[in-house]
Amino acid sequence: MAEASNGHVDQREIENLLIDYCRYLDRMELGKLAALFSEDCRVIYGPDPKLIANGRLALEASLSRMWRWRRTAHHLSNIRVWFDGADQARSESYVHAWHEGTGGNTAIVYGRYLDQLSYLNNGWKITERRMDMNGCDRGFKVPIPKAPRREPPSGWLPPQGLDR
Amino acid sequence: MAEASNGHVDQREIENLLIDYCRYLDRMELGKLAALFSEDCRVIYGPDPKLIANGRLALEASLSRMWRWRRTAHHLSNIRVWFDGADQARSESYVHAWHEGTGGNTAIVYGRYLDQLSYLNNGWKITERRMDMNGCDRGFKVPIPKAPRREPPSGWLPPQGLDR
Amino acid sequence: MAEASNGHVDQREIENLLIDYCRYLDRMELGKLAALFSEDCRVIYGPDPKLIANGRLALEASLSRMWRWRRTAHHLSNIRVWFDGADQARSESYVHAWHEGTGGNTAIVYGRYLDQLSYLNNGWKITERRMDMNGCDRGFKVPIPKAPRREPPSGWLPPQGLDR
Chain A
4 MAEASNGHVD QREIENLLID YCRYLDRMEL GKLAALFSED CRVIYGPDPK LIANGRLALE
64 ASLSRMWRWR RTAHHLSNIR VWFDGADQAR SESYVHAWHE GTGGNTAIVY GRYLDQLSYL
124 NNGWKITERR MDMNGCDRGF KVPIPKAPRR EPPSGWLPPQ GLDR
Chain B
4 MAEASNGHVD QREIENLLID YCRYLDRMEL GKLAALFSED CRVIYGPDPK LIANGRLALE
64 ASLSRMWRWR RTAHHLSNIR VWFDGADQAR SESYVHAWHE GTGGNTAIVY GRYLDQLSYL
124 NNGWKITERR MDMNGCDRGF KVPIPKAPRR EPPSGWLPPQ GLDR
Chain C
4 MAEASNGHVD QREIENLLID YCRYLDRMEL GKLAALFSED CRVIYGPDPK LIANGRLALE
64 ASLSRMWRWR RTAHHLSNIR VWFDGADQAR SESYVHAWHE GTGGNTAIVY GRYLDQLSYL
124 NNGWKITERR MDMNGCDRGF KVPIPKAPRR EPPSGWLPPQ GLDR
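These protein sequence lines are chains A, B and C, in that order.
Per my numbering, the first sequence starts with residue 4, numbered consecutively.
Per my numbering, the second sequence starts with residue 4, numbered consecutively.
Per my numbering, the third sequence starts with residue 4, numbered consecutively.
Calculated directly from the structure, the hints in this document are not laboratory data.
Careful: at least some of the hints might be erroneous.
Chain copies aren't distinguished; within one or between two, either way the pair holds.
[To be verified] DSBU-like cross-link-like pairs, simulated, lysine-lysine; straight-line CA separation at most 35 angstroms:
#, residue 1, residue 2
1, Lys35, Lys149
2, Lys144, Lys35
3, Lys53, Lys149
Sequences and hints are given; from them, build the entire structure.
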């Protein structure tokens with residue numbers, strides 16, 4: 004079982020937590036999903052008030068919006084975890100999220116979850132989640148912020164002949 | 004090396020096993036792929052008899068069907084493992100599987116592998132594999148069952164203004 | 004912290020290294036990206052001289068080519084690591100890499116990174132990286148080599164009725 008003093012066990016537990024978020028979301032088991040978060044969690048998927056939830060109950064209510072999709076698939080990868088002491092951690096992960104609407108329309112987002120986590124009584128919980136995205140396809144319209152990306156130095160010129 | 008009593012080493016070995024399935028399938032090294040399964044394995048990718056194999060040899064023969072694709076790419080993520088004692092485990096994982104036909108047509112499935120595993124003489128083996136899918140694109144026609152997803156509560160109404 | 008004699012800690016460190024490559028590439032933090040490689044690294048993404056870099060500085064300069072894309076998302080999975088002694092390792096991993104051009108055009112490659120790694124003074128570094136690909140969509144034109152895949156045995160016939 005988890006001990007907050009063991010970084011390796013903890014990283015595995017945190018990875019499982021992040022994966023379970025995706026699994027419960029695709030199954031729309033929103034009560035189990037909300038239990039992955041602390042009671043006073045703060046979840047901010049973007050600046051639109053519809054994308055912000057304060058507290059576990061609000062999160063569960065808010066994510067019922069995902070029923071506007073007929074099916075979804077959230078594939079998580081690139082999980083990085085950093086520990087700030089024995090009971091605090093931060094995480095970044097990538098999600099390839101596919102959505103299918105009731106009319107057969109689809110939307111893919113290449114997102115990132117940016118999490119704060121705490122070890123509470125019964126295990127690690129997400130206390131704050133933010134989201135941004137590296138990109139999306141044309142079907143995805145939700146106003147999630149752009150991930151940071153450096154601009155080219157002034158005067159940079161693209162190489163020729165790579166993309167033909 | 005693996006010891007069946009060490010959950011951490013075992014989880015890593017099981018992850019490697021699941022990853023190797025994808026690697027060998029994309030390379031069409033079906034003998035090596037079949038060796039990841041127990042001799043008496045049961046593999047059920049769907050209700051169609053063509054998608055069911057009883058035993059390692061039948062599995063190897065059955066998966067030759069993948070040669071109808073010119074190229075494939077099976078990207079595995081969301082791996083969860085649960086141990087039922089020292090030598091029994093269950094696993095769920097997500098696969099983003101891309102296929103390209105000989106005519107250039109493509110098909111993507113957002114699938115899930117649902118596995119039973121046993122620690123046998125020479126390591127962990129998959130003893131039973133089932134598959135379902137969260138979804139697929141229009142190019143994918145194989146009759147894989149749908150993953151479970153809860154229906155919205157009666158009277159649920161979609162939020163306005165998120166997808167524009 | 005890492006000790007080169009502990010395979011588990013080392014595998015985690017190598018996974019983090021491979022993930023950080025993707026993170027820094029999508030953020031275009033090329034200095035941090037280059038620091039993941041040994042000074043004398045050799046990076047060969049394909050036979051085209053534009054895809055080859057000898058040394059960390061050349062790699063950093065070479066990858067400025069990625070600014071021809073407006074946004075990218077490199078999702079890493081299927082990470083396998085093999086140790087050849089305490090301070091040498093090899094790795095294979097899959098990358099689902101999405102690119103968006105300035106005109107809105109997109110390109111997806113289903114690639115594989117084939118790495119050699121060494122434990123140097125300050126941790127694991129990539130000393131050689133090669134790349135090939137299981138496939139790509141029609142938007143992707145970079146001449147990355149094909150991953151190996153066995154041909155069907157002579158006389159093999161595709162099964163009927165699976166793809167309808």
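Checked hints:
1. Lys35 with Lys149: Intra 29 angstroms, inter 21 angstroms, cutoff 35 angstroms: intra and inter.
2. Lys144 with Lys35: both (27 angstroms within a copy, 32 angstroms between copies)
3. Lys53 with Lys149: Both: 18 angstroms inside a copy, 29 angstroms across copies.
The structure fails none of the hints (numbered hints given earlier).
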